[in-house]
Structures are given as C-alpha cells and as structure tokens.
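Residue strings, one per chain:
There are 2 protein chains.
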Amino acid sequence: MRATVMHGAHDVRIEDVPDATLHASTDALVRITQSCICGSDLWPYGSMPESVEGRRMGHEFIGIVEDIGSDVSGLTKGDLVVAPFLWADNTCDFCAEGLQSSCRHGGGWGSPNVDGGQGEAVRVPQAMGTLVKLPVAPDSALMPSLLTLSDVFCTGHHCAVTVRVGPRSTVTVIGDGAVGLSAVLAAKRPGAERILLMGRHENRTDLGREFGATDVVAERGEEGINRVRELTGGDGTHAVLECVGTTASLEMAFGVARDGGFVSRVGVPQDDEVPFSWKYFMRNITLTGGVAPARAYIEELMPDVLEGVVEPGKVFDRTINIEDIPDGYRAMADREALKVLIRT
Amino acid sequence: MRATVMHGAHDVRIEDVPDATLHASTDALVRITQSCICGSDLWPYGSMPESVEGRRMGHEFIGIVEDIGSDVSGLTKGDLVVAPFLWADNTCDFCAEGLQSSCRHGGGWGSPNVDGGQGEAVRVPQAMGTLVKLPVAPDSALMPSLLTLSDVFCTGHHCAVTVRVGPRSTVTVIGDGAVGLSAVLAAKRPGAERILLMGRHENRTDLGREFGATDVVAERGEEGINRVRELTGGDGTHAVLECVGTTASLEMAFGVARDGGFVSRVGVPQDDEVPFSWKYFMRNITLTGGVAPARAYIEELMPDVLEGVVEPGKVFDRTINIEDIPDGYRAMADREALKVLIRT
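Sequences listed follow chains A and B, in order. Residue numbers for the first sequence follow my numbering, so the first one is 1 and each next one is one higher. Residue numbers for the second sequence follow my numbering, so the first one is 1001 and each next one is one higher.
A hint or two may mislead.
Simulated pairs of lysine to any residue, SDA-like, Cα-Cα distance not exceeding 25 Å [stated by the list, open to error]:
hint : chain 1 : residue 1 : chain 2 : residue 2
1    : B       : 1279      : A       : 78
2    : B       : 1279      : A       : 51
3    : A       : 279       : B       : 1111
4    : A       : 279       : B       : 1223
5    : A       : 279       : B       : 1097
6    : A       : 279       : B       : 1278
7    : B       : 1279      : A       : 335
8    : A       : 279       : B       : 1303
Computed footprint of chain A on chain B; a stretch qualifies when at least three of its residues, placed anywhere within it, have a C-beta under 8 Å from a C-beta of chain A [what the hints assert, rightly or not]:
hint : stretch
9    : 1094-1100
10   : 1164-1172
11   : 1213-1220
12   : 1285-1299
No lab work stands behind these hints, which were simulated from the structure alone. Because the structure is a prediction, the values reported are computed rather than measured. Here a beta-carbon is modelled for each residue, glycine too, at the ideal position from N, C-alpha and C.
Use the sequences and the hints to build the structure in full.
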C-alpha cells in the first residue's frame, strides 16, 4: 500500500510499504478515507536528522473498518470511524479518568509496527477503545469538521478545559495556527465573553474572528503583552491558551496572564526549560495543559459538529491526494496553507 | 525602637531605628509580642550583597494594637492581632477572589517606609484589611500555633489547596523544613489518605510523621523519585507539594508526579527557569502554587488551631529574645533550629 514516510528535514516521500494487516485479536483494519497534516508534523519536517529507514507519518484520520480481530465487538466491517491521535484501550484507570493520552496499553501512530495515518490503511491497536463510529455517510459535508475530532479541535478544547474557560471568561489565545483557531472555537463554545487572539496572519485571524475572537492582537513580545494589558484594563486575562510551543510564546503567555491566572499549553514544547520566573510565582500563575487526551472528548464534541453548532473543519483550506502529500507539507511549512486535508 | 536590619550575607544586626508611628489614616500601630524567622529569610542571609543602609527584616508577627488611624474601625487599642506576611486592603477585586497577595493596595513588610516584623513595633498599612483579631489572652499556650497563621501554616495550606488535596488523596511533600511540615499538616487536615514526606533530617521527619506523614523518603534525586514510585505502584502521586524552591527539588517534584498530576510550589523560587521538559508535557503535569495569600486563609484555619485539632506551632523548636535574633538566623542556617520564635 502507499503511505507517507519522512526521511529527514524537508524529505517526505510517498512509498510502497507492507499492507496493513491485523496482528492482534484486539486490532481492526481501517481503510482510510480522509486524513491530514498536523502542525506538529512540521517540527520534524524542519529538523529531522536524515534516516534511510524513515518514519511513518500521520496521526489524524477517518476511515472504514475493513476487518476486525476476534476480540473486537461493537464494530462491524463497513463502519465509518474516526480515530484519536493516540490509540488507547479506553478502559484502564488513566482512561477512566479521561487521560487516554496516558493509557496503560496505548501508543502513537507511526511508532514501530504501527502504521501512520497518512497512508491508504492502518492497523488500529486497541480498536474497541480507540475508534469512534461516525453516524454519517462517507460523503457527508461534515467530514472535514469530523476529522478535526481526531486531534486539532480536541486539542483546542483540552487547552480551554485545562484553564477552565466558562461563561464570562476573558481569554487570550496565542497563535493563529489551526490549534490556536480551534482553541478560539473551544473557548467560545462554553460562552467565553471576550477572546483576544494573538496572531499576525490576517487570513487566519479573520477565521479566528469567525470562530469567536473579539479582538486580534498582531503585536508580539513585550509589545504584544502591553497591547493585551491595554485591552484588559492593565490586568491581562485569567485564561491564556498557548498554542505555539516556543519559549517566546510561553513568555508572552505568562506576560498576559492576570494574577492568579492559568496558562495552558498544548503546542508540543520545543524547549526543555520554561521561563517561569520569580515574578510569575509572586503572581500565582499556574501552568497547565499537555498533550490532549482527544479520545476523552470525541463523544462530547461530536453532537455540536453534527448539528453544525461549530464548524472546526474550516481550518482546512486545501485538499490534496495522497501522492501530493510532500507538497502539502511544503505548503504548510511555507504558510501557503493553514491545514491540509488528504483525500485517500 | 529596636529592630532587625540585614546588612549583607550573614550580617544581621539589631539596631535602634525610628519608632514606628502612624502615617496614614488607615494605619494601625502594633506593639509586637511574638514574631519569628522564616526559611525565606535565609536566602538573603546566604547571599545578600553588602548594604550600609540595610534591609528591615521580618514578616510574621502577633502583637497588640497600640494606636489606630482615624479611618480604622473594628479594631481597638489593646486588641491582640495576627498579621499575614503581606498587608492588603482585603476589599479590592483580587482580595475578593482570595488573592490578597496581589492586592491592589497591598505590599510587603520591610519595604521602604514600612517596618519589618522582627522588631519592637510595626506600622501596619491597610490595618482593617490586614489584621485579624485573636480571641485569646496574650499568654495563651496557643500563641506559637496562632503565629503560624501569619505565614508558614497558611503557606503549607496554599500548597495543599492549589493541588486540590482532598479525602483519599495520595500526596508527596518535598522538603522537611517548616513549610514542608506545615504542608504535611495541611494535607492531612482535609483527609489525605497517604502522605509521603521527602526529607532526610530525622528529627524533622519525626515531626512530619506526627503531623500525618505515612511514609518518609530520605533518598533524593533519581533515587528519591524511584523510591516514591516504588511506594506508589510505579505511578507516583497525583498531588505533589514542593516546599523547597530549588531546581533540584522541582525536578524531583515532576519526577514523582503521577500522569495528570499537580505540582504546587510555595518555596520562593531560586531560579528563573523551570525544568519542565517535553516528557512532563506528554504526561499532562500542571505546575501551580505561588506566594500564599495568607490573609485569605486565616479565618478558615484559626478554628482548628483554637480547638487544638492542629498544632502547627510545633515547628518552633527554639524561642529567643530580640537581641538574640542574629544567632537565631545562624541557628536556622546551620540547621540547628527548625524555626525560631522571637518573644519581644
């Protein structure tokens, strides 16, 4: 079958790989219909050391169940399903707490012996726990929005949940990438009163406004911090959703947080140290967030997607075929595309 | 009057300073009866650059109201009062949220024009908001425990509150200083089921056991992390109370945190960077805490002190007079004394 393999920085290839097959009685085999490229894929795209063997890519997909192992119940061949970006049994103690990202029997797509999502098919470990059935036809217009349940919308939601966004919250979202825009939508959903979006790409911040941002702050660094403080009576906001992952963006996040506030980060951290100085300690700032347990949120968010209350799929601004994936990476890295959907 | 002035590392002097007097109509003048030396005083004691003018010391005290400004009501000359380690109006929006440490009209003892607590008397700004009356006689045996409401017990409590310790919690407390031991007591108070105390000074960890620690871990670093994990089925604890303030202790704190867990720190941070690597992000660890809004907790904690349900004053293991304060600093720095009470 055809699948995406990254061999190094800026070296993404579509290759013939062994067909996905069942290995364990708890597996399912899923023929992929839609997948996409993630902002987090761009980090290795920018920096991965050369590798002959390469790394299978892709962790967001929708597909049709083609086969199931003998211990899988509740799924039938032909079911249309979405998978979260980490697979999980959904029954262990961590999963029971809603922390499927730490599942005792879980793991990531594209890890050894597990297929990546940017390909024709995937072996799904822990299929009963991982896959969620979609009550629509494969040609539904809702597919892009449903696909965001695999990662980006759930990740934005995790960011909003961990800083406890609620009605009347005042929120700053840092980053106008697909995660940042999803975080805007996720903050608007429970009724945040004011959402300040920090970003400087107008086509993206325009979508941010559509998703619920009330203010856009194009300035960065100290200037950006000052602007947010100006807009909030000098105090900053109680909730800060940091959706970039760099030290510079974290510094902005702490800088715009109101005393006693919460900063959540969901962008994969690019540094091992957090610039959390004495002054933020004196202001009782909390740093929360982490990798999103997407599986915990799919059923909760799906009704709003099905009813059209939210349209997170608007983050996709380009659709390509599998053979064009290398150019899709390039387009996202060059900021030509916000988020690329792959139709398989 | 006599008061404590620090002129540099290991240079604490008792000097004649101008008598404390009322400056503003919202002030009170308090004649100090008890005060103490704080673990946080030891940081400048170890490193303060030489200063001719020096710095007034002390931020924990009980005393008797000797005079009040014209705008002060609810306090009368002769009242016995305790002060939190930061003064606050207790009416602004931050105070209303329980964040008196960020009071819009608050500040710290020993700042310019404000007396320190290690002296004979103090001008108390924002007296109505700051001072809390004590319903006991000045010679009550409860005085040491009531004095801990000014800082150390409230700080331990803040640590426990911010990581949401409750009944059945499993907790790690890092540090067997007075704050760490107070954190043990604060974690036991709402019913934590298991409290692992990381410390290596047996006389202190013995008091920790008396306060509620179920296990003592003397190992440090990787060894300490491994020991806590062994004791908790490999997982670590959901709540981690970091009561030291160094990078090494924070590394231990993250290391013993269970996935999805909360680390709270209340020890004044000694570094501007937090070693919060990618792996803790993947495990959804939250870093919370900060300087304790002691004022927010005094009324809540006082009944348990008055009824003898808790005896936080047991952290005091030495009582001295004001002229002996320099030796009190030395004794605490040399770990000869856990916490020194000053009888004025």
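How the hints compare with the structure:
no. : hint           : in the structure
1   : B:1279 / A:78  : violated (38 Å)
2   : B:1279 / A:51  : holds (23 Å)
3   : A:279 / B:1111 : holds (17 Å)
4   : A:279 / B:1223 : violated (31 Å)
5   : A:279 / B:1097 : holds (20 Å)
6   : A:279 / B:1278 : holds (23 Å)
7   : B:1279 / A:335 : violated (28 Å)
8   : A:279 / B:1303 : violated (33 Å)
9   : 1094-1100      : holds (count 3)
10  : 1164-1172      : violated (count 0)
11  : 1213-1220      : violated (count 0)
12  : 1285-1299      : holds (count 8)
In the structure shown, a violation is registered for the earlier hints numbered 1, 4, 7, 8, 10, 11, in ascending order.
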